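For the sequence shown, the positions run 155 to 498 when our numbering is used.
Just so you know, these hints were derived from the structure itself, not from any lab.
Misleading hints may appear alongside valid ones.
Said to hold, decoys possible - Computed spacing ranges between beta-carbons, pair by pair:
id, residue 1, residue 2, range
1, LEU358, GLY241, 52 to 60 angstroms
2, LEU405, THR488, 21 to 29 angstroms
3, TYR452, ASN361, 44 to 52 angstroms
4, ARG490, ALA357, 17 to 25 angstroms
5, LEU400, TRP234, 24 to 32 angstroms
6, ARG431, GLY462, 30 to 38 angstroms
7, ILE177, THR488, 43 to 51 angstroms
8, ARG490, VAL463, 39 to 47 angstroms
9, PRO347, ASP303, 47 to 55 angstroms
10, GLY241, ARG360, 47 to 55 angstroms
Computed from a prediction, not measured in an experiment: that's the story for all the values here.
Each residue gets a CB set at the ideal place from its N, CA and C atoms; glycine is no exception.
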Amino acid sequence: MSTPTQSTAQHGSATRPGLWRRIDAGIGRYTPRDITRGTLVLAVISLVTEIGIIVTGGAVRLTASGLGCPTWPTCTDDSWINTPEMGINGVIEFGNRLLTFVVGLAALAVLLWVWNLRKSHPSIFWISVGMLACIPAQAVVGGITVWTDLNPWVVAFHFLVSSVMVCFATLLVNRVGAEWRHRQAHGDQPAAPATVVDGQTSALSRNLARGIFVIGWVVLYLGTIVTGTGPHGGDANAPRHDFDPLVVTRLHAFPVYLMTAAALVLLVVVLRQQSSRLQRISAWALIVVIAFQGIVGYIQHFTGLPIGVVLLHMLGTGLVVWAVTTVWDRQVSTYRTRPAAVRS
155 MSTPTQSTAQ
165 HGSATRPGLW
175 RRIDAGIGRY
185 TPRDITRGTL
195 VLAVISLVTE
205 IGIIVTGGAV
215 RLTASGLGCP
225 TWPTCTDDSW
235 INTPEMGING
245 VIEFGNRLLT
255 FVVGLAALAV
265 LLWVWNLRKS
275 HPSIFWISVG
285 MLACIPAQAV
295 VGGITVWTDL
305 NPWVVAFHFL
315 VSSVMVCFAT
325 LLVNRVGAEW
335 RHRQAHGDQP
345 AAPATVVDGQ
355 TSALSRNLAR
365 GIFVIGWVVL
375 YLGTIVTGTG
385 PHGGDANAPR
395 HDFDPLVVTR
405 LHAFPVYLMT
415 AAALVLLVVV
425 LRQQSSRLQR
435 ISAWALIVVI
445 AFQGIVGYIQ
455 HFTGLPIGVV
465 LLHMLGTGLV
475 VWAVTTVWDR
485 QVSTYRTRPA
495 AVRS
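Please construct the entire structure, taking both the sequences and the accompanying hints into account.
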């Protein structure tokens with residue numbers, strides 16, 4: 155038999171809220187318990203900031219500001235921020251570091267906003283967790299980039315981590331959008347679940363979407379090889395790949411032709427099937443993005459890589475990730491919204 159003191163201690167331990175329970179209750183008190191318009195707005199903001207950080211990172215490299223802050227995590231050995239003596243390069247590099255906090259705040263806002271949806275919408279919640287987890291990972295890779303004096307292999311990995319973050323953000327927007335449209339159509343009444351794949355698909359369209367997604371990532375990786383061989387290394391003394399620029403450019407272009415052909419076939423298939431409006435939009439958007447990126451790529455190649463055009467190409471890389479991810483999602487995804495009756 156337990157003593158009164160033991161019984162009281164056990165009872166107090168069982169009833170007293172723990173730290174995690176208090177945090178959960180505190181966050182849950184101020185955040186929604188279902189998908190709202192605010193959820194969709196935050197998801198879109200997060201996607202925009204993820205693509206934006208690719209462009210600003212490109213601006214750092216193109217203005218030779220990659221070592222504007224020569225150390226990490228501080229900007230200099232004696233200062234956390236840039237100093238006047240560092241000039242415009244220090245301002246640009248430190249400014250890009252500050253933008254990482256903007257991206258992180260956007261990802262954190264999404265995670266907190268979907269906090270109450272951990273059980274009812276686990277996919278949305280865990281994608282949000284993944285997005286937030288990528289922020290410190292990206293910061294660490296950025297630090298290694300500085301420590302290695304902008305080694306092009308590390309710079310490439312830094313870019314690819316940003317691309318993965320865009321992929322996560324795209325998946326989040328698609329799923330939150332599906333949930334929002336489902337709720338707008340059915341309200342809180344029980345209804346058959348909706349899916350991201352909201353129209354007809356076929357083995358051909360699904361395989362084309364998978365192939366486009368894989369080829370798209372090959373294109374992105376080979377693009378980092380071209381960048382690492384080119385003149386814009388982020389600093390005048392940054393190491394570069396010892397490759398033939400023309401050879402690596404042609405190597406990069408070959409899978410682009412494959413992706414373009416697959417995208418055109420997919421568009422024809424989607425238009426011939428009983429596809430949804432969003433499936434058709436995703437197929438057309440992919441064609442537009444590939445055309446935009448191809449035109450910009452050729453212009454920058456034949457005009458000596460002017461900074462403004464290269465920045466447009468950096469924007470295009472983020473749009474390529476968004477487009478190939480969306481096409482894959484609209485054809486292959488197994489995500490299913492949950493009827494309101496089971497959301498509790």
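Outcome of the hint check:
1. For LEU358 and GLY241, the Cβ-Cβ distance of about 56 angstroms falls inside the hinted range of 52 to 60 angstroms, so the restraint holds.
2. In this structure the supplied range 21 to 29 angstroms is violated for LEU405 paired with THR488, their Cβ-Cβ distance being about 34 angstroms.
3. Between TYR452 and ASN361, the C-beta spacing of about 29 angstroms breaks the proposed range 44 to 52 angstroms.
4. Between ARG490 and ALA357 the Cβ separation comes to about 20 angstroms, which falls inside the hinted range of 17 to 25 angstroms.
5. Distance hint check for LEU400 and TRP234: the Cβ-Cβ separation is about 43 angstroms, which falls outside the suggested range of 24 to 32 angstroms.
6. Between ARG431 and GLY462, the C-beta spacing of about 35 angstroms keeps the proposed range 30 to 38 angstroms intact.
7. Between ILE177 and THR488 the Cβ separation comes to about 32 angstroms, which falls outside the hinted range of 43 to 51 angstroms.
8. Between ARG490 and VAL463, the C-beta spacing of about 43 angstroms keeps the proposed range 39 to 47 angstroms intact.
9. For PRO347 and ASP303, the hinted distance range of 47 to 55 angstroms is satisfied, since their beta carbons lie about 52 angstroms from each other.
10. Checking the proposed 47 to 55 angstroms range against GLY241 and ARG360 shows it holds: the Cβ atoms sit about 53 angstroms from each other.
Going down the numbered hints, you'll see the structure goes against 2, 3, 5, 7, while the others check out.
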